[in-house]
Amino acid sequence: MSRVDQIIENFFRKDQPEDIRKHFVRWFFHPSSSKDKEETLHVLWDTLQVKADSSTERSYETVERRLGFSKRKGIHSSFRKWGQVAAFLLLPLLGAWVSWLYLQDRPVEELALVECFVPKGEIRNIVLPDHSVVIINSGSTLFYPSEFKGKNRDIYLSGEAKFMVTPDKKKPFIVKTNDLSVEALGTVFNISSYPDREKVTASLAEGKIKVDIRSSHETFILDPDEQVVFDKNTGVSERKRARMDYVLAWEKGQMIFQSASLYSVIKEIERHYGVQVYLNARDLNDEKLTVKFLHNETLEEVLYTLKQIVAGFKYKIEGDKVYIY
Numbered sequence: 001m002s003r004v005d006q007i008i009e010n011f012f013r014k015d016q017p018e019d020i021r022k023h024f025v026r027w028f029f030h031p032s033s034s035k036d037k038e039e040t041l042h043v044l045w046d047t048l049q050v051k052a053d054s055s056t057e058r059s060y061e062t063v064e065r066r067l068g069f070s071k072r073k074g075i076h077s078s079f080r081k082w083g084q085v086a087a088f089l090l091l092p093l094l095g096a097w098v099s100w101l102y103l104q105d106r107p108v109e110e111l112a113l114v115e116c117f118v119p120k121g122e123i124r125n126i127v128l129p130d131h132s133v134v135i136i137n138s139g140s141t142l143f144y145p146s147e148f149k150g151k152n153r154d155i156y157l158s159g160e161a162k163f164m165v166t167p168d169k170k171k172p173f174i175v176k177t178n179d180l181s182v183e184a185l186g187t188v189f190n191i192s193s194y195p196d197r198e199k200v201t202a203s204l205a206e207g208k209i210k211v212d213i214r215s216s217h218e219t220f221i222l223d224p225d226e227q228v229v230f231d232k233n234t235g236v237s238e239r240k241r242a243r244m245d246y247v248l249a250w251e252k253g254q255m256i257f258q259s260a261s262l263y264s265v266i267k268e269i270e271r272h273y274g275v276q277v278y279l280n281a282r283d284l285n286d287e288k289l290t291v292k293f294l295h296n297e298t299l300e301e302v303l304y305t306l307k308q309i310v311a312g313f314k315y316k317i318e319g320d321k322v323y324i325y
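Numbering (UniProt numbering), first residue to last: 1 to 325.
In case anyone wonders, no lab produced these hints; they're calculated from the structure.
Accuracy of the hints is not assured; some may be wrong.
[Stated by the list, open to error] Simulated crosslink set (DSBU-like; lysine-lysine; CA at most 35 Å straight-line):
hint: 1; residue 1: K170; residue 2: K149
hint: 2; residue 1: K240; residue 2: K208
hint: 3; residue 1: K151; residue 2: K208
hint: 4; residue 1: K210; residue 2: K321
hint: 5; residue 1: K321; residue 2: K267
hint: 6; residue 1: K232; residue 2: K288
hint: 7; residue 1: K314; residue 2: K208
hint: 8; residue 1: K292; residue 2: K267
hint: 9; residue 1: K292; residue 2: K307
hint: 10; residue 1: K288; residue 2: K314
hint: 11; residue 1: K316; residue 2: K292
hint: 12; residue 1: K314; residue 2: K199
hint: 13; residue 1: K321; residue 2: K199
hint: 14; residue 1: K252; residue 2: K307
hint: 15; residue 1: K149; residue 2: K232
hint: 16; residue 1: K208; residue 2: K232
hint: 17; residue 1: K151; residue 2: K240
hint: 18; residue 1: K149; residue 2: K210
hint: 19; residue 1: K267; residue 2: K232
hint: 20; residue 1: K240; residue 2: K288
hint: 21; residue 1: K169; residue 2: K208
hint: 22; residue 1: K149; residue 2: K171
hint: 23; residue 1: K170; residue 2: K208
hint: 24; residue 1: K232; residue 2: K252
hint: 25; residue 1: K316; residue 2: K208
hint: 26; residue 1: K252; residue 2: K210
hint: 27; residue 1: K252; residue 2: K288
hint: 28; residue 1: K151; residue 2: K171
Note that the structure is a prediction, hence the values are computed from the model and not measured.
Could you put the whole structure together from the sequences, leaning on the hints where they help?
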């Protein structure tokens, strides 16, 4: 067992005092050994979750307790409404919780978080305590305090969302993800930071935003119709021109891809239609696609279109599962 395995297993197997929790979340969120940490979490979750029913609830509560959430009020969790919860949905939230704790200067007990999770196939609008409006894409989670009491308006995103921020020069609005920190005073922008995507983007529609890359400490000041793209595999950040109508196509229920890998297209299809896609044709992984799907197109129509433009693409739909071979 590696040192990373030992640290994480020890933390989640035993109740820890507050000072140990704080040290752990700081170590966990540091970019070093990030892949090892993620793999260990997957293994650990497999041992916690025997089957996706009552044991899932117990495993969820174990994770929650280890991170210090058991004593706090104000968390609205949609998980307890579900009869079955898959581990691949819980793991990103685990990382989000750890990230949130790391990013705070206050003791754990003082945090009062609201959680908004949007299931696959849905889009949700919410209004924050400062009257800022957030449109959250499917398969995304947003954490925010029930009140903005500090000097900043800090929130945490795992997934994708569009933000329309209420101006307040004395209290900057800051969105934090695993890889980016985006600050705005009064503006409209989009962040895409899904755990299963290779790239993270921050795109600006109106106003100005400051984008900080957590791992490299690079900073970008964006003007309208610009974006920063961060590659999680290479650690490289790039400023680009942004087609905001393409960036925000998801808000209208559309899917637009430009030179996108088949893998990224599949992940978007999963979120958009609430299905699980199994890609058994590895020779198709390198395909690059430029295609647009309208909001009213069915899953069958989308897959049929892919069959027409990707040589050797075959598919079969069985309930909420899609097999590509």
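Violated hints - listed by number, lowest first | Hints 4, 7 and 25 not satisfied by this model.
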